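Participant: Here's the letter readout for the chains.
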Amino acid sequence: MSDAAAIGDREQRILEIIETTRSKRPRFKDERVTMSHGAGGKATQTLIEGLLAPAFANDALDALGDAGAVEVDGVELALTTDSFVVRPLRFPGGSIGDLAVNGTVNDLAVAGARPLALSLSLILEEGLGAEQLRAEVEAIAAAARAAGVEIVAGDTKVVERGHADGMYVCTTGIGRRDPRARLSPAGLVPGDRILVSGPVGAHGTAIMLARGEFELDADIESDTRPLWPAADALLEAGGEGLRCMRDATRGGVATVLNELARASQVAISVAEAAVPVEPAVAGAAEMLGIDPMYVANEGTLVAFVAPERAEAGLAALRAVPGCEEAAEIGEVKTEPPGMVLVETAFGGRRVMDLLAGDPLPRIC
Amino acid sequence: MRFVEEFRDAELGRVLAGEILAAVDPDRHYKLMEVCGGHTHAIYKYGIDELLPENVELVHGPGCPVCVIPMGRVDDGIAVARNEEVIFTCFGDMMRVPGSEQSLIEAKAEGADIRMVYSPLDALRLAKANPDREVVFFAIGFETTAPSTALTLKRARAEGVENFSCICNHVTIVPPLRALLDSPDLRLDGFIGPGHVSTVVGARPFEFIPADYGKPVVISGFEPLDVLQSVLMILRQLGEGRSEVENQYTRVVPYEGNLRALQVMAEVFELRPHFEWRGLGFISQSALKLSEAYADLDAERRFQTPGVRVADPKACQCGEVLKGVIKPWECKVFGTACTPEHAIGTCMVSPEGACAAYYNYGRFAREREVA
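Residue numbers (this note's numbering), protein chains in the order written: chain A, 1171 to 1534; chain B, -13 to 357.
Rather than coming from a laboratory, the hints here were simulated on the basis of the structure. Remember, it's a predicted structure, so these values are computed and weren't measured experimentally. One thing to keep in mind: the hints can contain errors.
[As the list claims (entries may be wrong)] Distance condition first, Cα-Cα at most 27 Å in a straight line; then the derived DSS-like pairs of lysine-lysine:
| # | chain 1 | residue 1 | chain 2 | residue 2 |
| --- | --- | --- | --- | --- |
| 1 | B | 114 | A | 1199 |
| 2 | B | 140 | B | 114 |
| 3 | B | 318 | B | 300 |
| 4 | A | 1194 | B | 318 |
| 5 | B | 201 | B | 17 |
| 6 | B | 318 | A | 1199 |
| 7 | A | 1503 | A | 1194 |
| 8 | B | 318 | B | 17 |
[Said to hold, decoys possible] Calculated from the model, a selection of chain A residues having no Cβ within reach of chain B, i.e. all distances over 10 Å:
| # | residue |
| --- | --- |
| 9 | 1202 |
| 10 | 1206 |
| 11 | 1229 |
| 12 | 1231 |
| 13 | 1289 |
| 14 | 1296 |
| 15 | 1369 |
| 16 | 1384 |
[As the list claims (entries may be wrong)] Facing chain B, according to a computed beta carbon distance under 7 Å, are these residues of chain A, among others:
| # | residue |
| --- | --- |
| 17 | 1183 |
| 18 | 1184 |
| 19 | 1204 |
| 20 | 1217 |
| 21 | 1284 |
| 22 | 1498 |
| 23 | 1501 |
| 24 | 1514 |
| 25 | 1516 |
| 26 | 1517 |
| 27 | 1518 |
| 28 | 1519 |
The beta-carbon is built from N, C-alpha and C at its ideal position, and this holds for glycine as well.
Start from the sequences and build out the full structure, keeping to the hints where you can.
Facilitator: Here it is, written out as structure tokens:
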């Protein structure tokens, strides 16, 4: 064997060891919670799969979907919950109130469930202006009307000044699973096409700019919107060929793709040039040194569709208001399983892995 | 984005790749070092290495500012950050760099007030907004970022902001390059020169590489076409038996550098007699500290720091990786004990680090087809 071949062999063996380590269930070994655990990358995955899922082990939870399945006397329901701690409370394109409704109904929608009702829990900080509170309550009411759900239960708590950033909002949603839905994160088949419902990275970028930590002005609005119309259109056009849908929130599209490549033990190939990104988002992300594929969305889903239904699925998506820029961005492959690869617009290839912690801007 | 997209044209990239193929001697193996972490990042991000012939190998150099910070300096930073009156500020990349006991992000979870900033001026603003607190900026980086630290210190002085100080870890690019070139286990054919550093220092400081060591240097921009063109320029020098400093990045880098920036640096900083580099050991006159005129803004004088040298973990081979002696995956702990989420060595922390870049982007055998 030549030297080059021997080295190639050793590299291959080491890569295999890494893959074996990666495919094991992560263990939660950290001494304390750090901000990384909330960033949606590997640390979050460790917290969920290493601590929470084993403690509550059951079939509905172990599926690690956006919503859990519950059956009541033959009626198939989906249940989900989410909390919202965004700062600032208002940002271009939306506010914490919009997110609190849309985030939860979207988790139901991508699980193939028509959202029915929400509960609402408000944690308010002593000193919060009544004007601000009223504005958010109105935003919640308006978003609920737009999403076609009612707020049927609620709770309020007030904490001392300094113990919440103005307000935190928690919502729980219940939905009716659609009989057309045959969705599973483990259901991806090589050849499936990958669709996104719109341009990626707008929400997270809008928030970063709205925090005013960068002296950067750009006309970027959050994409917060309810996704049931998009999910409904895909269920109709995709039929049994619709394998899975995911709401690309924290961690962005890249995180969704990694989770599903792992769950289905398939490879995913993404054509970077095909991913829609608004020019202002691309520009801001470039300057901040972050990849829009890892940036949070609040009204953009990723769908995996059998090849023969991909065209119809894309057409149906584009007919939904707000999803006109939906696009096919890649394909499911067999090798190497569990990994996401990007064909760069420049003609090279690279791995697109989960982030370790915060998507941190580079410094030089 | 105009003036950026033009340098990412895939069609032109293929043309350049063809010219590179024509310029190489098929019987020769070429090892080129990209000095700057920004280049390492670009090479992986765009998959540039895939466009090069097999006998042209890119070796990642020591130019990632986070990767060269030794553990003892992180410990010093954490010790300062634990003072109750302190708001400790640093760039995001520093947060997860392991010290001997913990990283800054872990110290933050324990209660230290540590905040991520995007510029030293943000730290100065924090100082003005919190007059009852001491704001400390943990400055890192090569000559690229040193001028902005210097300007911030000048402004702090001019505005009389007394609750602001700086832990200076700024380093300079030439001494580690010389140390690398003097290292007996290194075999390199040429250098892709650091474009950002050169905007400040110019091309002149790199003249010693061809003059004393007979190796070509091409100062390069950071877009994929820049990197490919620089590789081609180095290969042409080698083919024609030349070795000189050439400037591919003329749209940004003047030969003389940025004289005003150099002047501000000279005013605010002075050379340390020696400084420890992660994995490379002590290198004389390779780092900056605050000059006597700015000593009162030096956090190392204002606060007690342990100042203890902490040996690199035994298993960690960051040094060999930084010298280009081994590839990241050849390190004993790569990918198993040392991963981006639990890094042992600094090369695994910053996205510009050679190990993190390989782990995140390059980690699949090239010959294994995507099917």
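Participant: Hint by hint, note whether the structure agrees.
Facilitator: Verification of the hints:
no.: 1; hint: B/114 with A/1199; result: violated (39 Å)
no.: 2; hint: B/140 with B/114; result: holds (15 Å)
no.: 3; hint: B/318 with B/300; result: holds (10 Å)
no.: 4; hint: A/1194 with B/318; result: holds (21 Å)
no.: 5; hint: B/201 with B/17; result: holds (11 Å)
no.: 6; hint: B/318 with A/1199; result: holds (22 Å)
no.: 7; hint: A/1503 with A/1194; result: holds (21 Å)
no.: 8; hint: B/318 with B/17; result: holds (23 Å)
no.: 9; hint: 1202; result: violated (4 Å)
no.: 10; hint: 1206; result: violated (6 Å)
no.: 11; hint: 1229; result: holds (28 Å)
no.: 12; hint: 1231; result: holds (23 Å)
no.: 13; hint: 1289; result: holds (31 Å)
no.: 14; hint: 1296; result: holds (22 Å)
no.: 15; hint: 1369; result: holds (15 Å)
no.: 16; hint: 1384; result: violated (6 Å)
no.: 17; hint: 1183; result: violated (10 Å)
no.: 18; hint: 1184; result: holds (5 Å)
no.: 19; hint: 1204; result: holds (4 Å)
no.: 20; hint: 1217; result: violated (12 Å)
no.: 21; hint: 1284; result: violated (37 Å)
no.: 22; hint: 1498; result: violated (17 Å)
no.: 23; hint: 1501; result: violated (10 Å)
no.: 24; hint: 1514; result: holds (5 Å)
no.: 25; hint: 1516; result: holds (4 Å)
no.: 26; hint: 1517; result: holds (5 Å)
no.: 27; hint: 1518; result: holds (2 Å)
no.: 28; hint: 1519; result: holds (5 Å)
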